[in-house]
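Hey, can you work out the whole structure from these sequences and the hints?
As you go down the protein sequences, you meet chains B and L in turn. Residue numbers for the first sequence, in the numbering used here: 98 to 678. Residue numbers for the second sequence, in the numbering used here: 3 to 194.
Incorrect hints may have been included.
Here are some chain L residues pointing at chain B (derived, C-beta under 8 Å) [what the hints assert, rightly or not]:
1. 51
2. 55
3. 58
4. 59
5. 60
6. 171
7. 174
8. 175
9. 178
10. 179
11. 180
Derived from the structure by calculation, the hints contain no laboratory data. Virtual Cβ for every residue (Gly too), placed ideally from N, Cα, C.
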Amino acid sequence: MKQRRKAEPSTGHCELQQQTLRGGGRASANYSGCESRGRTYRLTRMLSNRAFSTVSFCNLCLALCMILQFGSPSAFVAATEETYEKVTEYPEESCTVNLILRNFRLVVSLELENKSLPPTHFTFWSTMMSETEAPKVLENCRNITEPSCDVTDKWNGAHETYVLIIVIYRGDSMPSYCDSSVMDIDIRPEPPEFEIIGFVDHINVTVKFPPVTPKIYGESIWKVLGSKSFFIEERAGKNMKMHNPKMDNTTGNFTYVLRDLLPKTNYCVSVYFKAAKMEDTIKSPFKCTLLPPGQEAGLSESTTVGIIAVCFITMSTISFIILLKRIGCICLKNSFPNALNLHNILYWIFPEVPPSEAVDKLEIIPTNKKKKVWNYDYGDESDSDEEEVPKASATGYTTHGLMGRLPHPASDSSANPQEAQLEEDSAAEESDEAGARAGAMAEHPTEAEVGSGLRPSEDPSSPYEKKERGIQDSFPGDDSSSVNGPGDKVIFNVNLNSVFLRALHDDPEEASEVLSLAEDTGHLDEAPHRTESGLLTAGSDSTQLPQPGISSQVLWTENESSETTDSSDSDADLGDGYIMR
Amino acid sequence: MMHLQLLEMVLLFLASSTLSSLEPKLLLFQPRMNGESLQLLKPLPISSVLQCLAHRKNFQLPQQAVSRHQGQKGHALAVLHEILQQLFNLYWTHVSPGAREENDIERVLAALHQQLTYVESLTGLQAEQKSSSLSVQNLRFQIKAYFRRIHDYLENQRSNSCAGVIVQIEANRCMFFVLRLTGWLNKQEPDP
Numbered sequence: 098m099k100q101r102r103k104a105e106p107s108t109g110h111c112e113l114q115q116q117t118l119r120g121g122g123r124a125s126a127n128y129s130g131c132e133s134r135g136r137t138y139r140l141t142r143m144l145s146n147r148a149f150s151t152v153s154f155c156n157l158c159l160a161l162c163m164i165l166q167f168g169s170p171s172a173f174v175a176a177t178e179e180t181y182e183k184v185t186e187y188p189e190e191s192c193t194v195n196l197i198l199r200n201f202r203l204v205v206s207l208e209l210e211n212k213s214l215p216p217t218h219f220t221f222w223s224t225m226m227s228e229t230e231a232p233k234v235l236e237n238c239r240n241i242t243e244p245s246c247d248v249t250d251k252w253n254g255a256h257e258t259y260v261l262i263i264v265i266y267r268g269d270s271m272p273s274y275c276d277s278s279v280m281d282i283d284i285r286p287e288p289p290e291f292e293i294i295g296f297v298d299h300i301n302v303t304v305k306f307p308p309v310t311p312k313i314y315g316e317s318i319w320k321v322l323g324s325k326s327f328f329i330e331e332r333a334g335k336n337m338k339m340h341n342p343k344m345d346n347t348t349g350n351f352t353y354v355l356r357d358l359l360p361k362t363n364y365c366v367s368v369y370f371k372a373a374k375m376e377d378t379i380k381s382p383f384k385c386t387l388l389p390p391g392q393e394a395g396l397s398e399s400t401t402v403g404i405i406a407v408c409f410i411t412m413s414t415i416s417f418i419i420l421l422k423r424i425g426c427i428c429l430k431n432s433f434p435n436a437l438n439l440h441n442i443l444y445w446i447f448p449e450v451p452p453s454e455a456v457d458k459l460e461i462i463p464t465n466k467k468k469k470v471w472n473y474d475y476g477d478e479s480d481s482d483e484e485e486v487p488k489a490s491a492t493g494y495t496t497h498g499l500m501g502r503l504p505h506p507a508s509d510s511s512a513n514p515q516e517a518q519l520e521e522d523s524a525a526e527e528s529d530e531a532g533a534r535a536g537a538m539a540e541h542p543t544e545a546e547v548g549s550g551l552r553p554s555e556d557p558s559s560p561y562e563k564k565e566r567g568i569q570d571s572f573p574g575d576d577s578s579s580v581n582g583p584g585d586k587v588i589f590n591v592n593l594n595s596v597f598l599r600a601l602h603d604d605p606e607e608a609s610e611v612l613s614l615a616e617d618t619g620h621l622d623e624a625p626h627r628t629e630s631g632l633l634t635a636g637s638d639s640t641q642l643p644q645p646g647i648s649s650q651v652l653w654t655e656n657e658s659s660e661t662t663d664s665s666d667s668d669a670d671l672g673d674g675y676i677m678r
Numbered sequence: 003m004m005h006l007q008l009l010e011m012v013l014l015f016l017a018s019s020t021l022s023s024l025e026p027k028l029l030l031f032q033p034r035m036n037g038e039s040l041q042l043l044k045p046l047p048i049s050s051v052l053q054c055l056a057h058r059k060n061f062q063l064p065q066q067a068v069s070r071h072q073g074q075k076g077h078a079l080a081v082l083h084e085i086l087q088q089l090f091n092l093y094w095t096h097v098s099p100g101a102r103e104e105n106d107i108e109r110v111l112a113a114l115h116q117q118l119t120y121v122e123s124l125t126g127l128q129a130e131q132k133s134s135s136l137s138v139q140n141l142r143f144q145i146k147a148y149f150r151r152i153h154d155y156l157e158n159q160r161s162n163s164c165a166g167v168i169v170q171i172e173a174n175r176c177m178f179f180v181l182r183l184t185g186w187l188n189k190q191e192p193d194p
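Here's what the structure looks like:
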């Protein structure tokens, strides 16, 4: 029995034929053909198997490479096969996309709401709404591990609406996606880095900007954000002040000075860009500094201390001086005794010039030449017998009569005996004249002048100083002054201690009184009497000296009787209590 | 039809500006808007945006053409006047009331009209329109063509919800362009 089993064409058929050949002879030829076909089959099969193995091996190698490159097989599948349409087939996931300006770079940041399973990597797709092109992968943000993508160089159209599609991969799980649209008004600018340096009354705020003006959307950052979008906030306690410097083409480090600050005060500074929406504004953390004390404060303190010290020293000094003064150590009063009173020392040295005195010149006309007209010597002399002892008046003065006259203003004061002689002769001739002359001939003819007064301290025996005074010769009928001319003057020194002085006043009555007195005593002298103003004759007792200082005119009359007998008749009673000599 | 949200966006956008300013200086829009108007300027939820990527259209805003003539104050004012006028027409034609009161629409239109009158009083655009300056007419033509494309898109996408989203986003882009233009005009010295 023969049985054909359907076997593999290559081997089974040939084996059946081989069994048949064992049974007969006809199958031998068939067996050889089958055998060759089997060999071919086997060879082909072997080759195909090898090829398949090779291909498989290559695929395996390629898969391994892809795995090594992308991390997972799913990534490989996604990278190669994922299209936008494919992405939209992934499950959608809620997320928040923020457009942030970080370090002056435009960055898209993703925040997932589902945080149960952390994602492994992300892929960002984007497109513009104003264009019709399909979303494209942002090559720099393909399969990145960070949920943020720098789009500064990718987006070049301001005021455009950009659509973002972010594919979220979580290992081997099915990827998901989230999408959003953003505009430039959605930008949340992060604050730049800055430093502060505090001084006494100001703070330097140095903000770090790039050396080149950054650009976003192909335009200057200041054009997109606005030149007045940068703010500096200054705080001191509860006080807050905003500074808004204008930023147009600011590059590099920018320094802004906060002025008019208070020393010794803690100030805090914060900087930020103002976003289009207030809730998108991000402020930097505050940086604080305590300002040092100013020189004004320190100076005021030192000045105050100095002023207080000076005042204390001044008050102490004044108090000490007052104490010394009260004690008597300083500022003593001059209470010297009179002996030590040196105030008058100058007076001693330079005696005061006596006030000007009314000086009247007196010309004494000797009335009795023979006799000693002038004899103050009341001692024992030959004439003493002839002379009466002068009687002392009640006042205690004795008088001697002397006659003289006021000298002619231009007359010479000198006198000589000749003149005296002539005078005597003329006096005898002039008996009828109204005026009486009193003269005396002195042994030492001098012209006496009596000052207006004598000081007590003066030596009365000292000669008078001659003072000329314009005294008019008032003798009436003095035309015969030829006799009594300038040469008829007698100059003599008068010892005041021995004479009586009486001041002649301008009062004519007094003068007439004197003159009358002189007439009354005319018998005293043989010589003609002449009465003149200012001329006195006295022969009466006079025992009282006039008071010093009284301007007086010396008038002496000497009569014979007085020489012989100093009777009371020889003394002229002036009627006022004075008895003149 | 444009979504009402776009209308609110425009309303707040205009409200944040100095439309009611009686100052002689031209200051129409603030260069930076407040938070509320900015929020409305943002597109609709992103899912809508992603689904609407296939429905996008490039309306070809003539920015470059306008930028070339920006140095001339008269041309800038003419462009500004034309854009405001076209926006007025766009909202008048395609804004759907929705749940909002029609007063909001009227307020937006009134604000736009006020701005148009203000610009005309400053520049005497009526006289300029009559003078038919070639360069100015060319600019106006380009702006009109731009808004014509928007009108046509809305007409063709009546049943498509993404049309409103697309137009909203395009209007935002136009607004930013206007802001830049007015900012430049505000920096110019007033005419003697």
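So, residue 60 of chain L near chain B? Judge it on the closest CB pair being under 8 Å. Since the shortest Cβ distance to chain B is 6 Å, the answer is holds.
Interface hint for residue 51 of chain L, Cβ within 8 Å of any Cβ on chain B: holds, 5 Å
Restraint satisfaction for residue 175 of chain L [CB to CB of chain B, less than 8 Å]: Given a least distance of 6 Å, the restraint on residue 175 of chain L holds.
Using 8 Å as the Cβ threshold, decide whether residue 179 of chain L counts as touching chain B. Holds. Min distance 7 Å.
Residue hint residue 58 of chain L, partner chain B, criterion CB-CB below 8 Å: holds, 5 Å
With 8 Å as the cut and Cβ atoms as the points, is residue 174 of chain L at the interface with chain B? holds, 7 Å
Would the hint on residue 178 of chain L stand, with a C-beta cut-off of 8 Å toward chain B? Residue 178 of chain L check passes; min Cβ-Cβ to chain B is 4 Å, inside 8 Å.
Restraint: residue 171 of chain L near chain B, CB-CB cut 8 Å. Satisfied or not? holds, 5 Å
Report holds or violated for the interface hint on residue 180 of chain L, using the least CB-CB distance to chain B and a cut-off of 8 Å. violated, 10 Å
Given residue 59 of chain L as an interface hint, is the shortest Cβ-Cβ distance to chain B below 8 Å? Check passed: Cβ of residue 59 of chain L comes within 7 Å of chain B, closer than 8 Å.
Report holds or violated for the interface hint on residue 55 of chain L, using the least CB-CB distance to chain B and a cut-off of 8 Å. holds, 7 Å
In summary, the one numbered hint that this structure violates is 11.
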